[in-house]
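Protein chains: 4
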Amino acid sequence: MTTTTPPLTRIFSSDNTAGASPEIVEAVARAAAGPALPYGADDITAGVRRRLGEIFEREVDLLVVSTGSAANALSLAALTPPWGSVLCHRDSHVNNDECGAPEFYTGGAKLVPLGGRDAKIDPAELRAAVRHKAGDVHSVEPSVVSVTQATETGAVLTLDELGTLGAITGEAGLRLHMDGARFAGAVAALGRTPAELSWRAGVDLLSFGATKNGTMTADAIVVFDRSLTPELAFRAKRAGQLAAKTRFHAAQLDAYLTDGLWLRNAARANAMAARLTEGLKAIPDVGLLGATDANIVFCRLPEQVTQALLAEGYAFYHDRWEPGVVRFVTSFATRDADIDDLLGAVARHLAG
Amino acid sequence: MTTTTPPLTRIFSSDNTAGASPEIVEAVARAAAGPALPYGADDITAGVRRRLGEIFEREVDLLVVSTGSAANALSLAALTPPWGSVLCHRDSHVNNDECGAPEFYTGGAKLVPLGGRDAKIDPAELRAAVRHKAGDVHSVEPSVVSVTQATETGAVLTLDELGTLGAITGEAGLRLHMDGARFAGAVAALGRTPAELSWRAGVDLLSFGATKNGTMTADAIVVFDRSLTPELAFRAKRAGQLAAKTRFHAAQLDAYLTDGLWLRNAARANAMAARLTEGLKAIPDVGLLGATDANIVFCRLPEQVTQALLAEGYAFYHDRWEPGVVRFVTSFATRDADIDDLLGAVARHLAG
Amino acid sequence: MTTTTPPLTRIFSSDNTAGASPEIVEAVARAAAGPALPYGADDITAGVRRRLGEIFEREVDLLVVSTGSAANALSLAALTPPWGSVLCHRDSHVNNDECGAPEFYTGGAKLVPLGGRDAKIDPAELRAAVRHKAGDVHSVEPSVVSVTQATETGAVLTLDELGTLGAITGEAGLRLHMDGARFAGAVAALGRTPAELSWRAGVDLLSFGATKNGTMTADAIVVFDRSLTPELAFRAKRAGQLAAKTRFHAAQLDAYLTDGLWLRNAARANAMAARLTEGLKAIPDVGLLGATDANIVFCRLPEQVTQALLAEGYAFYHDRWEPGVVRFVTSFATRDADIDDLLGAVARHLAG
Amino acid sequence: MTTTTPPLTRIFSSDNTAGASPEIVEAVARAAAGPALPYGADDITAGVRRRLGEIFEREVDLLVVSTGSAANALSLAALTPPWGSVLCHRDSHVNNDECGAPEFYTGGAKLVPLGGRDAKIDPAELRAAVRHKAGDVHSVEPSVVSVTQATETGAVLTLDELGTLGAITGEAGLRLHMDGARFAGAVAALGRTPAELSWRAGVDLLSFGATKNGTMTADAIVVFDRSLTPELAFRAKRAGQLAAKTRFHAAQLDAYLTDGLWLRNAARANAMAARLTEGLKAIPDVGLLGATDANIVFCRLPEQVTQALLAEGYAFYHDRWEPGVVRFVTSFATRDADIDDLLGAVARHLAG
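Here the protein sequences line up with chains U, G, R and Y, keeping their order.
Every letter in the first sequence is one number past the one before it in my numbering, and letter 227, counting from 1, is 397.
Every letter in the second sequence is one number past the one before it in my numbering, and letter 233, counting from 1, is 403.
Every letter in the third sequence is one number past the one before it in my numbering, and letter 68, counting from 1, is 238.
Every letter in the fourth sequence is one number past the one before it in my numbering, and letter 335, counting from 1, is 505.
Since the hints were derived computationally from the structure, they do not count as laboratory data.
Be aware that a few hints might be false.
Pairs count within a copy or across copies, as identical chains cannot be separated in the list.
What the hints assert, rightly or not - Calculated lysine to any residue pairs in the SDA-like style (CA-CA distance at most 20 Å, straight line): (1) Lys303 to Pro283; (2) Lys303 to Thr399; (3) Lys303 to Pro493; (4) Lys451 to Phe468; (5) Lys451 to Arg470; (6) Lys303 to Gly494; (7) Lys303 to Arg518; (8) Lys303 to Val495; (9) Lys451 to Phe486; (10) Lys303 to Pro400.
These numbers come from a predicted model, not from an experiment.
Could you put the whole structure together from the sequences, leaning on the hints where they help?
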């Protein structure tokens, strides 16, 4: 679809345009030397599982996958029958941006979109939805709640907010999935432990995003309800998600989790968004919107400013939410200078 | 499942235990520097498509995927309706080793297993099967033929054999898929052009294997019937096979296709299998079985020899086809010394 | 779920509680004598197809099915790929009351709920939805619009309203499905021809409801786009919808279509709803809601009246849409006296 | 497909060409009078469940469906995960004659065809298959065994044979499904109780065929493992198999089960096949094949006899199994004279 490539330091369309952390590149190179057992039976994959156990302060199982969409769709398939429903925010990635991957993997379960500010599910809506027509064969059966952390608008669920949603879910007997495509960003922003922000709040399966935050092609499902592991393994193979040379995905995750790289990367992305937010606040006539807890910034810009930025090669989404609203996303690879250049350009075009 | 790791130079269980070619590692490292457009809109992916066009002597489309199972299942889903059948050899990978991935991706199409020597579909059986109950709503509709090149037993379809199967398929109005997990090995063995061995013989979609022959996590579908490209793109996204940072898979394929690396790697794997075959022939009491066109060697070993090899740390499959039959698989990374050590061990245990 | 059976003349919960028209019972009895070809190759089924051709003023194909849910789900499966979306009203039966049958039959397509008064799709919302992210592989592809005639609230789409929705659909290149579970009621109410209300407005496939209006176990898909017939036949068999003794469903449809029985039955159900509406208007403190074009009446009743009616054995849905709102459905079998008794009971309890 | 209708007393192609028993017609007519609760909440459906409990000597649950294909596919879907396999005879109806309905309903499980005489699964093959690659994620997981009673060739599984297959299934931890499309014929032929021939032998779900033996449009699943009932109810609704006016299917089953009609009908069909067998034995040059335990007769006829019978309007399948082999199926509606006429024609054409 895209035909001309913008100057690459001006891409703020998504955190998936960044490269990979040097530590991760080196780990992949190291993993390439010599043979290893296939299909995840290698030592590197075993090491990642151990590291995740330490990070989450309990034994977990691990499913290495090649995309976040696969992590989400596999998780949901293990948590709902085909006749079930997935309760999620109407702006969630699983609902809008995966071309029906959850419907495909689950065998046709239904995503029930709920409202709420900052792309967080409204607890009152959830409370109604978890019981809506439960046990009625004429309707899909409420089966799993999927929350996103951080949300699609860059907000983070606080421990309280997550606890509330988790409690509603658990009391109704439903399962809890977390789309953690930007889980690292939420941990970095909240100063809470990974355990508090996942299984202690009732999360059964966590899509543990890494690609947006430093890896190349590796994401993972962290399995807290380990009774689901065999089913997930069969489903992953059948979905073409069991890589013969899993070690090359695992090596990325291993480096990502070593010495806190994952949190340092996330903290940098968050800091760059904060720098952008502060800068935009200082410019008159730029309306900031919503919370900037993690690495996504929404604001209102005059149409001619948006067009001028695009003409200069800046890449970002605009006018998808409402007219005049633009979205900038930072990443672990964003430099101070990139932000400062962007701020300068916004100020210049507003003045012009 | 596996608990102890064998000495790694003694793994002959599969070509997927090898690492990656140094050129490929370097290409991945280069690709990591700086941002790029996501989802395959990057320049590296565009370059791979061009290279494939040159290699196959016509314009092709390209779908980058993370596993061979995904390449096969996506291809078959684009070539059969859910009520169709996939005609394939009873020993084929799609039929036996993908946990029903084709059934999942196609929405429940049926794999109809056919016989034939050396895991090649018997033309007479195919001729009957392509017309079996065609148009009868009580039965699945013959829709696509899937051939494997090289086959699961390491034989290669000659140009004549492929032409015969292609003609039967085409005349009956069915589509033709090729599982080319070891396509490079077949090209290297036959001395025929990639074009002759694919679209010129009627192949609509080719699963272009690379992982077993030098890449890390990258396989591809080469699309000859380009009217299928939009459907494949939707299906791939929906299957979790559209990587945000596609460039990291593409970089592997790019290096793989540069300066003939893919054929050099395959030629080496084939040569190592030939060395093993020659060596085994020289040992009395070892019965070689079937053709060794590519990189797979089947032979009969006495039970105590098999056990002795396993005890020494050799890894290989045995007794899966019939009692006493073992399979050795070589790869681009197999060294002369690895073969010679194995031959020495076989001779020693036979003598012992 | 229900444990005690109410007095059966007091069931206003749905038109599916009625028995069957005597003409239909007789036709079934006649069909039982002697053998016939199975799977719809019998003469009665052929006759139904001819009758439908006369009624719709053009050649049509016919698929006999056993439920309206099957008619809808099969139709939608033939009109959208698995990665497509079905644009429908948020209150539609396909969206709410079929336990995900459309998702199951389509292989996981997504139902996109739209708003609009009286359960009619709002044209402006439809205009936006048919183009929403079209061609974007990250999102499901707008593929088919499903309208309900008469709607779930008993309103009917006028010829103009239907024409508008059909034009938006056609201009965007999407397909049009009509859930005609109460199509007869709409034809009877509007005084327009079946042709005008279906294919002339762009309908590709019509779920031709009969069970709610006089048959026992027979519904049908009327196929206007006859290129879809072979696919529908395979899908129906595969879905367990091809009855060996199709003649017994067909005999019901044959009698239903003979001598205008289908329209007489619908006219009676409509007249009973009109009688109820008139009667309720005459009772102070009963608030009528929405249009009563066909055989469904919504009104507001005080809670104690609702409870008193239930206590007397009246069966109807209440408090599902909003607190205080009740729904009464009439049928071809409703008698004047049944309506008058109900009106008397409402008046009595309101007075009490 | 068929264009001209043969003289209907000469149809021996299938038992599904017969009409319906008079008692069943009368029951349907009785059920049509007056309203009833929909979706199986009616009294007639409850009565059928009680009758089945008496017949099977234990409490059972009941799912009323409109075709045998639906009964089979729903049952299998409840007994295997999508990544599982269904072990069945290679000649079984589920494998050959349902256009992939089991694959559709199960979400893509694999049917693994096994051999054995008289379309009965060979115990040795089953013993190997139940353990084949169990627990290996690369392969589908053996999950359910489906046996047919009576088999597709008209043989019946003796109590011993069934017990053997049931024991192998149970010991391996798999589930057992019985396709009882002709269960009545088997009970009539064996003189064993329905309980002995089903749940006492380990059957979890029984497709209880009725359409071939006297009903019009009604078959059923008899649920012995009642923990599966809720899942089956959701699956049935979602598959378009929950009829609004279930009473009309249930009325057929009720009459079918009353006063032993089901066994009388089956006994008649069996007797007619026996009469045909005896008659054919008396004709030189007719080679009978296989067991005729129930209502299916296989024999060899010279080609010119087959053609002469067809020319006279006899309808039957021929040359589908091997050249020269024809199949005659009798039913509850077959009369002595029909058999005698057929025997006369065979003798006449052989003599001619």
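For which of the previously enumerated hints does the structure constitute a violation, in increasing order of number? 7
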